[in-house]
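Student: Here's the letter readout for the chains.
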Amino acid sequence: MTLHSTRPDARTDLLHGTLDMLILRTLQWGDQHGYAIAQAIRSQSSDVLQVEAGSLYPALQRLSKKAWVTSKWGQTDANQRAKFYRLTPEGKKQLLREESRWTELVNAISQIMKPAAPTGPSDK
Amino acid sequence: MYLPSWFKKLTRRRRFDDDDLQEEIRAHIAIAEAERMADGADSKSAHQASIKDFGNITLTREDARRVWTPRWLETIRDLTSDIRYAIRSLSKAPTFAVTVVAVLTLGIGVNAAVFTMLKSIAFAPLSGVKDSAGLRVIFGETSVGRDVGLSYPDYVYLRDHDTSFVGLYGHRLTTLTVGRGRGAHPANGEFVTGNYFELLNVKSQLGRTLQPADEAGPGRPSAVVISDALWRRDFEADPAIVGKSVELNNQMLTIVGVTEPAYHGTIVSYDVDLFLPLMIAPDLGLMFGSTEATPSGVFADTRANMLYVLGHLKPSVTMAQAAASTSAIWADLSRDRAFWAQAAEVQKLRVVPFLQYPTSAQATVLPMLIALSAMGLLVLVIACANIGGLVTVRSVSRRGEIAMRLALGASRMRIVRLLIVENLVLAIPGASLGMFLAARAMPVLFGYAQALAAPQRLFFNMQTDALVIGFAAAVACGCALIFGLMPALRSSKINLVDVLQDASPRGSGRGRLRSALVIAQVAVSLILLVGAGLVTRSLDAAEHADLGFKSDGVTAIRLDLKANGYDEVRGRAFYRQLLDAARNQPGVESASLATFAAPTFIETKSQRVAIEGYETRRGEDLSMLSNIVAPDYFRTLSVPVLAGREFDGHDDETATPVALVNRTLAQKFWGSAANAIGRKVRIADGAWRTVIGVAADLKYTRINEAPRPYIYLPFLQNYNPGMILHTRGAGSMDVLIDQARKAVAALDAELPVVSAHSLRDTTRGALIFYTFMSSMLFLFGMAGMALAAMGTYGLVSYTVRQSTREIGIRMALGASGPSVVRTYLRRGLMLGLVGAAIGVATALGATRLLGSFLFGVSATDAVSFIRALAVVLGGVAIATVVPAWRASRTDPLRALRHQ
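Going down the list, the protein sequences come from chains A and B.
Taking the numbering used here, the leading residue of the first sequence gets 1, the next gets one more, and so forth.
Taking the numbering used here, the leading residue of the second sequence gets 1, the next gets one more, and so forth.
No wet-lab data here; the hints were simulated from the structure.
In this text the structure is predicted, and so the values were computed from the model without any measurement.
Don't be surprised by glycine CBs; every beta carbon is placed ideally from N, CA and C.
Hints should not be assumed to be uniformly reliable.
Part of the chain B face toward chain A, derived, beta carbon under 8 Å [what the hints assert, rightly or not]:
#: 1; residue: 21
#: 2; residue: 28
#: 3; residue: 30
#: 4; residue: 67
With the rest of the complex left out, here is chain B:
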């Protein structure tokens, strides 16, 4: 290669040439040798003297090279040599290294898992959407603080006038039936405004997304955008999917596009598969509670609560400003509205962060996640205390080495750096393994949740991304610094003379640190155990909770007649025949239908209610939940009817409209169950209904809800295509479920069964979050406890081992083995008691955090506290007795010679 001579000169001058230097050194020695020979020395001795005179050739070369190395490169070289040294010295203590890595793996793994969950809820809740946590939600609030959607005209006004936001889109979750016949299934869908995809910056991988043109007017175009998952699941990833039709709620719609794979909709925990223009909602049967008959009427109706409105704030706008400007716009908008506007209607608009989206998964789960994170951090604290203990113990045995280094002139900084590097060498594999553990565990946990939630499809943004990796790295470094620095600083302050003279290590300072570590671990593990105990007991209580009905021996077969295109006449006939067939099956005692199976866990939509003889106070929002049930429902579920009768076959379309209410409603408005019979209630704008019976209360949504008023409507007067078939029988559940399936298939072989479980399993499914969180907390408690037990054992037994000499002296002076053991046991238990006292005090305050998912036990439940205390003190006792007993069995002479 040709190079200009000046360039060669430049590079020659600027680079270190080791060969050249070696040549120069050889020449130097040769000249010195020649001079010595000239002075009369013989060739051999002249050669040796010259080499000796030159000194350390390698060191000279190194120093010469160093002149040319940039400072940063040298730092890296120092660092790599530190790392190499650390690995070498750790490989000499493999048990120590493996223990630390294992403890860290557990600690960091637990926290990475919790953080991943926290991320999927709080930091990056929506996959495929940038800054999804920064979205703000606008919704209406009634006088009693019930959240409702905005009407379409209100949304449009807000979109066009609210300058606080970059843009505002509206959406509404729905469940649709996809397809018809055997392959039909339910899927989550979002009705969205035309600017939805544009504002979220979500693109399509095939075809197009929805556009403002799709919002031009009611009805057409009947376009739908499908998710990547649905495209792969139902359409075998057909590349020519765009333009094909899909049947939704028995309407044919044209697929215009497929979203990017990462996108799963904007409703946390729901895996959304269908994105539909808002304008076709009435065509698919959604009227949003409007009394208008035509789609254009629905979209002009300011009383139709349909949309939750979302958008990002403009960069300089604060939440307070946005709330103020939104309120001002609302004041403008509602000025001309009749003052008598129903109390159940929007009274004011609220602007909240995405995290507080009303009744959303993120808002519901967050308190649990915070409790979980706190538990996770406690586990980490234990892990750090644990490793801190190990490192301290090890640093004692390394005092000689460190003192030697100091004596040889290493600076304290240099030694501290070496020790920190050593800790990082341990922390990095710990963090990586922890991440791996978390990444492997999350899908398992998710699969468990998904199985319970089926056929509802779940999705959480739980990928291991840069955020999660960053978190794990930060935690690892933090841990390395914390558990490393304390003993490191300690070691570098060593008094050289003491150590080199090998004074026996019984510094009272270190003893105090060890005691503090034991106390801390005992305290923290007690807190964890109390937490785990409380949730276990609540879970137990929840499993046996009285929900107001008997689920044993009852099936729950979910059907949706939309899946096979039934109209109302055929649907009524189908359900009548189905009930007849089911009741006639052998072993079936009774059968009925219902829209909801309590507890639903998800808050079903409540509706405005009017009650005869009850004047609503101004601003009172009287809205309640209701259920549509067929005759024999209360008998089938063993719900006592306290007054009157339950629905029978005569309460049909031709009879007077009737209803049942629950005991709470009857007592609240009419004084007693008996008084309720013959009174009238009305739901929304429907007919007035005569109350014919009063049923006992159930737990309608959650097991820990307060009694709430509830209304039952007869199925024969209120047809609904989607119902749950309940059959009760004494035989095996599997047989009952199978019989029910057969009854359905006999009537319509093409009708898919949405789900078929025992009612008990359905109930359990409703407790899924509860179960999930409780199991996690229990696991954390156990992990923390295991770590703390290990750590306490290690520290205590180390202390005892250090005292082998003391034990020897005592025994030589005539102390008996048991008395020695007793002495150490007393010491150990003292530490344990102090730790336990601190732990109990802290736990009494901290368990309030768990309040939201405790059931049937108080946060200060004595049983949980006593159990935790027993376990912790038992652990400490074992950790003390075993090494003390072993020490007391050693030969006093050997013990005295120890060290």
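For reference, chain A alone in the conformation it holds in the complex:
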């Protein structure tokens, strides 16, 4: 994970990777437009993760550039114009990769934070 000091938007790949993964995951349930993606992530994380538009749209551009998603203008249920994103086959593969990486990472972190065998009374 490299650090690019000259790119203020590129503090870490980890952060990008995570948001990208969440977007791809959201799109797995069907085509969606930007606003709905942000809403979905928010509601599914019980309002913990708030995706700002300032991060969402660059992320969508990033995913389009890598051809993990395609986009098309269409109509929402409320009959409003919106640009819908769709997962491509490569995007699906990428999502699987991200998921396994994520699981690994979470397991690793939880091993450190919550050791499997409780060892003493210090555990609250």
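Position chain B against the provided structure of chain A, taking the given hints into account.
Tutor: Structure of chain B alone, referenced to chain A:
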């Protein structure tokens, strides 16, 4: 335009579409708005909330765009924004920016000029020839190390057997008279072997160049290739020039071609206009010291020293290998030669780089150029120290800004880069202006040199080319890095808290840097001033040097009878009549003729000499310079005749051969001047001559030469078509010169006068390189001094200004103005003295570099050192006193409130 759909898809997917994104953002806001309204908000507040919720739209668009930009493009964008920022911040400090650019212009201009000269001598000495600095020269050396040319048979053998070289050509410089009558003039020519143009890869723009076929045998074809300059000057760029005739030394030759405009021959400092096949040299009167009567005899004579041989080494061959193989070939070649071969003949062959071509301009001038380059670099060092000081001072006032940037999260790298870009923004115009200055100054300097050298045509490869531009760019970047990086690194190490709290800047570290800068500038400017002082004093000494003759009131009118096709009988008659006419003119006390006017500066060809009663030791090379002079020569030039008499009208063809020698020769071989009378000398293979007189020594070639033996031959026994008419008179020089011209015109209105000056001017012309270099060194010294004075003043006065508060406190506590000034003066002078001490120590070692062009002063001349010291310390004193005095006059209250 039709595009396949897959291509459209591809391009759509691969490109950023800002309009589309903006549309998408609008849609996003519209949807959010609709949802808010569905939740019961009114349309206005829903709209505002949605926009607020979205955040920074512009930033989002920028970030989205950035996703699509390649990394390098982004770097360039960052850089341009840095540059824009730098320009903006510099335009807020115009005095600073203008000062830095001006200082750099001077520093880089001086160095670009010196580098251009260095290039024209050392790196690319020949215009129009690729890798001319890579040429190697082969020449013969006598037992005493005198350089001589190779004979034609030796050259041919070397050319055919030396495998170290890509090819070997031979050449020989000559001066020829072009045309006849009023328009006739002298021109430089090169006699060359047939492979010369091919090996140098020089092409013709019209007709052909010379070819191996032109070397087939003596005499024909009498072809000549002319330079572009001569073609334009003498032939009005006639497009049908090929096949036309030109008269050279009274022989008609056919012009077969015109060289490319860039080509000026292969002899540095000479502008060569004529390229002639070697084989026609005897027809034009050049026998190369051979005693053979026929041209074919001359070219078979191994004792005729005619050619210097040049070529490029093969890619894998080193100089040592080439020298070894050339020596081996020489051993083969000379094995069968009689062991008694004259000592004055070639004993061994030497291979040297083009830069060391014996007695050439490049070899002569190089030491001066090195000294000049060193001075130039010192000027640059001062300029950098100067700017370094300015930048440091400025960086102090910018600490707040930089700390703010660091606090806002800029990386140190980013800030250092910004500061370096800022310096480059200053350095690039500085370098460009410097280049411009140098490019404008060079022709002026060259014109000055050319005027002194006339009618000799000079040429130096001084164009501003890629090499010069590259040099200036490298120097500019180097400067920007040096004077920029030091304060830049310093600033980026700033302690944030200190600065943001606005602690007053009195870091002892910076104070030390400033002191170091002052000391360095004082030291370097002292060195420059000592150098300038030394050369000024030598120049002064040289102007008043005793050359052994009195040039006041003497004219020097150069004539060449070849210019109007005189044979010997007519020539003798002409000169006899000319002398008679000149002597009878009103105001003329005496008149005479000579082949050379001393000092010649250029080493004229010395000749083998035999001296009666003196056995040359084996391997001794006895060769001397000589001059052909008419009766009354010594009287005209006021040269004392120490014994015997000078030539008179009776020493003509019918009388016994006679000669005069100088005092050094007489003392060396016969013990005294009186003893020399009646002895005999012989030049080359000529007749034995009886010595009838001994003259005092002159400076024959250079003002700083050691006494050397010299021989005078009587003109009446040794006719020469090219002579200098000297007349002496008490009246005005202009009148005398004009009278002499009239005397010539009265005898032959068609005969051109090659040059007409006073002898004093001619002498001065011989000092041209000397004068030129000395003036340059003087200018550099002054430029450096001006810069250093400015820099020292700036730094010292800044230090004093920084201490305004301190001064206020002192004054409030009752210190008097003068005592405050004294305190600062003492501090300033301390720094000045330390710098001066370092400068004196360095100068004592460094001025030895100047040795080769000092005259009449030693490299440690006390007067020059003391003068330089006085100027430097005076400068420091003024730079301290003025701001300190000003500070001491401020109201203590105001001073205390300062900052």
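Student: Need the list of violated hint numbers for this structure, in ascending order.
Tutor: Violated hints: none at all, because every hint is consistent with the structure.
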